[in-house]
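J.: With the hints as your guide, set chains B, C and D onto chain A.
4 protein chains.
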Amino acid sequence: MIIVMSSKATDEDVQRLVDALESRGYGHHISRGVERTLIGAIGTPDGEKRSVSQQLMRLANVERVVPILRPYKLVSREYQEETSIVYIGDAPFGRGHFGVIAGPCAVESEQQTLEAARAVKAAGATCLRGGAFKPRSSPYAFQGLGEEALKILAAARDETGLPIVTEARDTSHIELVAEYADAIQIGARNMQNYDLLLNVGRTGKPVVLKRGLSATVEEWLQAAEYIASEGNLNVILCERGIRTFETITRFTLDLAGMAAAKRETHLPIIVDPSHSTGHHSLVAPMTLAGMAAGADGVVIEVHPHPDRALCDSAQQLTTRNFARLMDRVRKLASALDVQLGESAHKE
Amino acid sequence: MIIVMSSKATDEDVQRLVDALESRGYGHHISRGVERTLIGAIGTPDGEKRSVSQQLMRLANVERVVPILRPYKLVSREYQEETSIVYIGDAPFGRGHFGVIAGPCAVESEQQTLEAARAVKAAGATCLRGGAFKPRSSPYAFQGLGEEALKILAAARDETGLPIVTEARDTSHIELVAEYADAIQIGARNMQNYDLLLNVGRTGKPVVLKRGLSATVEEWLQAAEYIASEGNLNVILCERGIRTFETITRFTLDLAGMAAAKRETHLPIIVDPSHSTGHHSLVAPMTLAGMAAGADGVVIEVHPHPDRALCDSAQQLTTRNFARLMDRVRKLASALDVQLGESAHKE
Amino acid sequence: MIIVMSSKATDEDVQRLVDALESRGYGHHISRGVERTLIGAIGTPDGEKRSVSQQLMRLANVERVVPILRPYKLVSREYQEETSIVYIGDAPFGRGHFGVIAGPCAVESEQQTLEAARAVKAAGATCLRGGAFKPRSSPYAFQGLGEEALKILAAARDETGLPIVTEARDTSHIELVAEYADAIQIGARNMQNYDLLLNVGRTGKPVVLKRGLSATVEEWLQAAEYIASEGNLNVILCERGIRTFETITRFTLDLAGMAAAKRETHLPIIVDPSHSTGHHSLVAPMTLAGMAAGADGVVIEVHPHPDRALCDSAQQLTTRNFARLMDRVRKLASALDVQLGESAHKE
Amino acid sequence: MIIVMSSKATDEDVQRLVDALESRGYGHHISRGVERTLIGAIGTPDGEKRSVSQQLMRLANVERVVPILRPYKLVSREYQEETSIVYIGDAPFGRGHFGVIAGPCAVESEQQTLEAARAVKAAGATCLRGGAFKPRSSPYAFQGLGEEALKILAAARDETGLPIVTEARDTSHIELVAEYADAIQIGARNMQNYDLLLNVGRTGKPVVLKRGLSATVEEWLQAAEYIASEGNLNVILCERGIRTFETITRFTLDLAGMAAAKRETHLPIIVDPSHSTGHHSLVAPMTLAGMAAGADGVVIEVHPHPDRALCDSAQQLTTRNFARLMDRVRKLASALDVQLGESAHKE
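Chains as they are written, first to last, in numbering that gives the first Met the number 0: chain A, 0 to 346; chain B, 0 to 346; chain C, 0 to 346; chain D, 0 to 346.
Quick caveat, the hints were computed from the structure, so don't treat them as lab data. Among the hints, a few may not be true.
Which copy is meant is left open, because identical chains are indistinguishable; a pair holds if it fits in one copy or across any two.
Unchecked claim - Computed cross-link-like contacts, DSS-like style, restricted to lysine-lysine with a CA-CA straight-line distance of at most 30 Å:
id	residue 1	residue 2
1	Lys120	Lys330
2	Lys120	Lys150
3	Lys204	Lys150
4	Lys72	Lys7
5	Lys120	Lys204
6	Lys204	Lys72
7	Lys330	Lys150
8	Lys150	Lys7
9	Lys330	Lys72
Same shape as in the complex, but just chain A:
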């Protein structure tokens, strides 16, 4: 880090700072300019840099402390330059492989889920999604069927062969969800639920980590680092819209943030056009836009009868519209030289 001292800093102020650095095991490097004195702190990366930088800011005439290194390691491209391929079951995501996770917002019944599963499989999806534990803003709203939903998803996997992705909302669900699911989703509102992150990390299962609605890309990668720090690098990041002042869409899908994140991390990143926009008519343009922006996959909500859906009815595609969208996805994949639904065995 670099410490910027104000124009009023005396020699004593500088010395006090140098002492503070030395007592914490840092070397230093002083550069006196006309208007500012800069001190570079050298060495000792010990994971507590943020604390130290805040401590240094307390010293007299310290104007600013500028961090130089990124606050994450294992998930960065410095650690691994090439984009990772992460598999959910045998469905690949990343390094030219575009995955399509589709299915209902919530598992409501066996019939509804099987109907959705068959349709998305037929249309070309590579994974099935469905909520068993639903985070809802009102305590009086439908909260999901829990374990029953997990069993229904497993039955759908048995029939269609699609690997399944579902959310764990609390540490107490993880064991159960891990037993059934091929990948565990962490929802946007839980992106900084650190106990949950560590615990899904420990399962070793693939994790789909949604970006928090007010998380910076840096914080998102730090959340992934939590999972990675438990030895689990099977993480797929999912951009699902950030909260902004604009309300014509539910959230603001940050495709440029996604593209910028891909420069920083080797993990694959997918896009959620359903939750981010909140409206079915925007799912197709945002799916295609996500592909063109370089996403490694997409997660799309599909319901056999959206007008009777128990949650997020407005954003779910009919199975027919999903099939139409997949035709356009295939056409675009070819123009973009991306492999769609390519089996892992072909690697």
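T.: Below, chains B, C and D alone, put in the same frame as chain A:
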């Protein structure tokens, strides 16, 4: 709710909507204007209005569905008009009582915590705070001392008589935290961790519910409703800054949002000038501003040696500056006709 | 509009509201529910609805006033259902025509501009851009060459045949800019500079209206309505990123907002991947993403020597990278069934 | 500035950067760390630093360029340490003087304005405000009475002795407004209308510069620097709320941002509780909060009959409520040791 149909809606479209309302148990009321047809849905408040409104939006030529009722009940002023007094130990918050929760960001050692506790007690604080389980954005940062910290806090309570407030970060901590603490804090990043909310609700303990960094006032009150729905109305809301584009402060303290929230809810609301600004020099002005805006209390980070603090060093006050601030708080309380640290027994 | 009265509204309160509506020439329609009384105001669209709605909010026990009609007319799809084609010179934008405006951020010299113009023409751009009057956040930064720049742009048009687009920053520039340019650009910081909007409206020239950095889609369309209200419907909207908490990109390109806006307005909308991201490496993915999301064109900054550019060096493409991008644009246009650079005469 | 080079930077990359610095007249200072090489650029503050820093970012393996100096000078506390007092007429703002600007949103008639002026004078306001040129989001809304309004304001000044503040919306209005007004207001939507800033700077008149709704504190101070660069340091900054995701208030009043800005600039800063909240019931708490946070004044909308106001009816106080608020303002001023409406002659 009111359903707005577009200018292109045919009689059949209107009839289809009316059928959809009837099949869900709603009465209706049609108002045909020159440019739009409006249909009012009457009756049947069943907690699933949001699902229904989304389902209706799927119908042809439905332009918009406007909700009329608020999505929370027990915490609203319609349910209870007068502001509640909530007690942490014997320290009152609300209805003219201004509470001051002070103490270190994290419990680091017995000595540090006792020193802080004695100082904030002497200066006039009414509760002691201190983190045992710290949510940190990096997995490599100090995460808190856990149960050891809780024991230190209890010792500080024994010595000073100050009731203690500390955070539960995960459902697995609640039982332990509830055993030691006088009030359980839910952090901003957990405001929509619904399992955590329900479980702290069940303890019956007072809860300090921080506003999520990207939560609207409405969502904040819905989160409080989760706790209330378990029969626990001992909830103190805490405004701690929202995330905006401005970075000169860590977050943007939303005092007007706090004042607006007080019109909606009977629950007391306090303000956190430490986390919201991220800088000790802004704690005093924001404490006084919060009081003047009508807050029912404040939570301030105080550390005997902020320059050695293991977390959030930059925002913690020295015990000396806290004492000075309390002098100004007392002067302002008198000008605002607010009672500071008034004992519960005087009610 | 609909007026929602609180549960405490008395018959007198309702009568007072009805009187207020009648005195302003509105009819009304009362719907009494169990928890709320709703009053629909009928008729009299007189352009002052917002004032009236605010006046009504002053009355006792009025909880909310819900507007029903959109606050813009001429630019809406209700006024004209089919997407407009707007021509800059003979370059079409909209209804399947994708236009490419390219050129340097600022006109710095004749040589630099001609070099850029030749290169973008060769690569397939349909219009040339270049700043003559630059809005800069620092008063000490390069502000553009003014009329000299306009002359250079005209010379570049003479040589290449490309129509030219340049910004008018103040009402005092309009006449001059209109004399030289084929389309006048209104910058993001001026989107709500209403005098400027009315005055460019009066020129009858095509206008490229950038979205304000904190403007909602609704406000953007209202700004376009200002231009349209002067009889000028030759407006191309330009999404150039909104300000959010995320700083990894300069602004957040709101492609979903663009797609949502296209449902509301018949005006063509283009995308600016250069200013929105602030980084050249993100220009290609965001150009392709914008196309896939349904944009009617794109504006890209290209400089023969970006490392010597006097403004926004970081975001400008080299002419070589622009040519490569255009190859991908052509490939994508074909997959998306969009016509690139199709001459107006073929209509 | 400091240039951070990535871990992959070769000696050639570093040399190329050093050459680039030298060719632009900078000295340099290289600091090689284990993971990064840092180069400090020394000297030559020439106002074009932002261009240079962007140019350097184009070089191979340059990871980041960190600016060290602030992008404004004359308005900073480095230029002048003590807070300025700015006078509007003989009403002082700053250095312990709290000014109160009050009056209607728009001048609607002579009677309305005189009635408001007498009432605010009687209640203790120190300046009169009133809009002559109104920026309105809809082209069909009331745009102000123009010069007629200026004459009415002058008549109100003649009668009450209150200096008058009114907005110039376009460069073409400045001369006229300057002829009548004691201070010229620049509206939030014009904060980055640089031609307007330079031109009001040249008048030498006091300027009330509203913060743009999406402007950072840094950009706000840069806008003030535009005015100051013309030799006019009679600038009063006005915090009037920023745009965030929260909609319960119209904007989010950023009092902590105001307090942080006061550390950076010597210019006085006032607060606008009317526009920022959009609701009359929030004007009193936010006025008091602004005072307690250290504002140097306030601007409050007051209308003799708000329920008939032609603009912003919802946010205007009645004269009676304004008088009540002023009683509380006086009480608070005394507790905060602030001088209210102290005449300039007492300096």
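J.: Would you mind marking each hint as holding or not holding in the structure?
T.: Going through the hints against the structure:
no. : hint            : verdict
1   : Lys120 - Lys330 : both (18 Å within a copy, 29 Å between copies)
2   : Lys120 - Lys150 : within (19 Å within a copy, 55 Å between copies)
3   : Lys204 - Lys150 : within (18 Å within a copy, 36 Å between copies)
4   : Lys72 - Lys7    : between (37 Å within a copy, 16 Å between copies)
5   : Lys120 - Lys204 : within (23 Å within a copy, 49 Å between copies)
6   : Lys204 - Lys72  : within (20 Å within a copy, 40 Å between copies)
7   : Lys330 - Lys150 : neither (35 Å within a copy, 45 Å between copies)
8   : Lys150 - Lys7   : neither (68 Å within a copy, 45 Å between copies)
9   : Lys330 - Lys72  : neither (37 Å within a copy, 37 Å between copies)
Checked against the numbered hints above, the structure violates hints 7, 8 and 9; every other hint is satisfied.
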